[in-house]
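*Asks:* One letter stands for each residue in the lines below.
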Amino acid sequence: MGNPDEFSRQALPHLDAAHNLAFWIVRNRADAEDVVHDAFLRAFRAFGSFTEGNIRNWLLTIVRNTAYTAMTRRNRGRNVVSIEEAMLERAEPESWAADEHSAEDGLILQEDGRRVRDALAKLAPAFREIIVLREIEELAYDDIARVLGVPIGTVMSRLARARSQLREIYSGRQRGQRDAV
Amino acid sequence: MRCEECHDRLDEMLDNPSQVDAEVTAHLEDCAVCRDYAERERDLRQGLKAMRVTAGSDIAARLDAALRAESSNIVPIRARAPASRPSRIVGSIAAVLVACLITALATWMVTSRHDDVRFIAHDAVAAHLRSLVQDNAVQVASSESHTVKPWFASRIDFSPPVKDLVTEGFTLAGGRLDYVASQRVAALVYKRRLHTVSVFIWPKPGVGDTAAVATKDNGLQVLSWAKGGMMFAAVSDLNEGELKELPGLL
Numbered sequence: 000m001g002n003p004d005e006f007s008r009q010a011l012p013h014l015d016a017a018h019n020l021a022f023w024i025v026r027n028r029a030d031a032e033d034v035v036h037d038a039f040l041r042a043f044r045a046f047g048s049f050t051e052g053n054i055r056n057w058l059l060t061i062v063r064n065t066a067y068t069a070m071t072r073r074n075r076g077r078n079v080v081s082i083e084e085a086m087l088e089r090a091e092p093e094s095w096a097a098d099e100h101s102a103e104d105g106l107i108l109q110e111d112g113r114r115v116r117d118a119l120a121k122l123a124p125a126f127r128e129i130i131v132l133r134e135i136e137e138l139a140y141d142d143i144a145r146v147l148g149v150p151i152g153t154v155m156s157r158l159a160r161a162r163s164q165l166r167e168i169y170s171g172r173q174r175g176q177r178d179a180v
Numbered sequence: 000m001r002c003e004e005c006h007d008r009l010d011e012m013l014d015n016p017s018q019v020d021a022e023v024t025a026h027l028e029d030c031a032v033c034r035d036y037a038e039r040e041r042d043l044r045q046g047l048k049a050m051r052v053t054a055g056s057d058i059a060a061r062l063d064a065a066l067r068a069e070s071s072n073i074v075p076i077r078a079r080a081p082a083s084r085p086s087r088i089v090g091s092i093a094a095v096l097v098a099c100l101i102t103a104l105a106t107w108m109v110t111s112r113h114d115d116v117r118f119i120a121h122d123a124v125a126a127h128l129r130s131l132v133q134d135n136a137v138q139v140a141s142s143e144s145h146t147v148k149p150w151f152a153s154r155i156d157f158s159p160p161v162k163d164l165v166t167e168g169f170t171l172a173g174g175r176l177d178y179v180a181s182q183r184v185a186a187l188v189y190k191r192r193l194h195t196v197s198v199f200i201w202p203k204p205g206v207g208d209t210a211a212v213a214t215k216d217n218g219l220q221v222l223s224w225a226k227g228g229m230m231f232a233a234v235s236d237l238n239e240g241e242l243k244e245l246p247g248l249l
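Here the protein sequences come in this chain order: A and B. Taking numbering that gives the first Met the number 0, the leading residue of the first sequence gets 0, the next gets one more, and so forth. Taking numbering that gives the first Met the number 0, the leading residue of the second sequence gets 0, the next gets one more, and so forth.
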């Protein structure tokens with residue numbers, strides 16, 4: 000278990016990274032805070048068994064698992080068949096209106112930023128999390144592999160597909176706006 | 000360099016800004032389409048950096064309080080988490096087994112009530128009363144045990160002790176077949192003054208001799224006992240003291 004001071008000293012610097020990942024998985028600030036809280040308590044209880052390796056990777060792994068568990072619980076009763084299926088499905092635009100989101104994330108964004116945010120929000124969850132880890136948290140490929148629990152080759156191919164989907168959504172939107180203008 | 004290849008290598012270059020790909024840089028000089036693509040790609044990546052949704056300032060404080068509460072109430076996770084589910088399953092199995100046991104026990108008790116004194120007494124009283132409302136309580140009317148005993152021999156597969164107890168005050172009126180304790184039994188009918196006594200006799204393998212147990216049912220006296228591998232149940236409106244002479248005589 001370990002003592003809380005030592006755990007806080009090592010874990011709290013990664014609180015923002017953990018929250019960011021949680022937010023982009025559950026896409027709701029209140030749920031993200033619950034996930035982070037829950038995940039850090041779990042991590043604290045298991046802190047004794049954490050002996051070596053990168054504590055950030057370890058924490059992000061726990062946060063990710065906690066977030067998906069929370070999602071499953073939340074989606075139970077809705078028509079979600081499985082996590083894998085849900086992860087590869089594009090988020091429906093209506094599930095997250097842009098206005099709702101800006102109130103959710105508290106990000107103060109210019110027009111360009113809003114476009115990026117909406118594109119990221121529309122990505123399939125599996126793609127969204129890998130973009131978050133790579134582009135926002137700037138994790139190395141092997142760290143991403145450890146957090147997601149997949150081989151590094153999978154990380155690279157999934158990242159490439161995630162980028163092309165993101166690009167598609169982003170430029171599709173941009174083109175649409177140009178047409179409108 | 001083809002534009003497609005340029006896009007792929009541009010991705011790699013943007014991933015590792017320290018490694019400049021000279022061929023890609025050269026292609027971007029020449030190709031306006033790829034320059035445009037690279038520009039948008041940089042914008043997108045730059046835009047993504049701004050998407051960091053950081054934790055609210057109160058999370059750290061709440062977390063710290065929770066950690067302290069947790070550490071003052073130490074329950075090792077290993078001991079807690081995995082234990083809950085198997086123990087619930089074991090609990091369910093135990094509950095089912097207990098339910099099965101109770102059901103089996105109840106069934107056994109119901110079926111074994113055939114031996115229950117009260118159950119036999121009830122049967123015996125019913126048979127006795129039924130015989131009294133008939134025109135004739137006996138199928139073979141004789142005070143002669145040598146007439147009654149052979150009559151039974153052709154009808155049941157055991158030989159009940161038949162004695163004429165006229166000197167002891169019980170006059171044999173005859174015998175009949177009846178049904179007590181879920182089986183065919185021999186019924187002897189004795190008269191004592193105006194009272195009728197029915198004695199039901201049936202074999203029960205392995206039963207040891209027992210003293211007579213007296214019960215009362217509908218105001219009638221019932222005595223049941225075992226002797227010589229046979230079960231006896233005597234019913235009458237006689238008083239208990241007089242009826243109790245019977246077990247010693249038969």
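Treat the hints as calculated values from the structure; they're not laboratory data. Check the hints yourself; a few may be wrong.
As the list claims (entries may be wrong) - Among the chain B residues that face chain A by a calculated CB cut under 8 angstroms, a handful are:
id, residue
1, Glu38
2, Arg44
3, Gly46
4, Lys48
5, Ala49
6, Met50
7, Arg51
8, Val52
9, Thr53
10, Ala59
11, Arg67
12, Ser70
13, Leu104
14, Met108
15, Asp236
To be verified - Residues of chain B placed beyond 10 angstroms of chain A at every Cβ, according to the derived structure:
id, residue
16, Arg8
17, Cys30
18, Leu66
19, Glu69
20, Ser86
21, Ala125
22, Ser144
23, Thr146
24, Asp156
25, Arg183
Where a beta carbon is used, it is the ideal one built from N, C-alpha and C, also for glycine.
*Asks:* Check each numbered hint against the structure and report the violated ones by number, ascending.
*Replies:* 1, 13, 14, 15, 18 and 19
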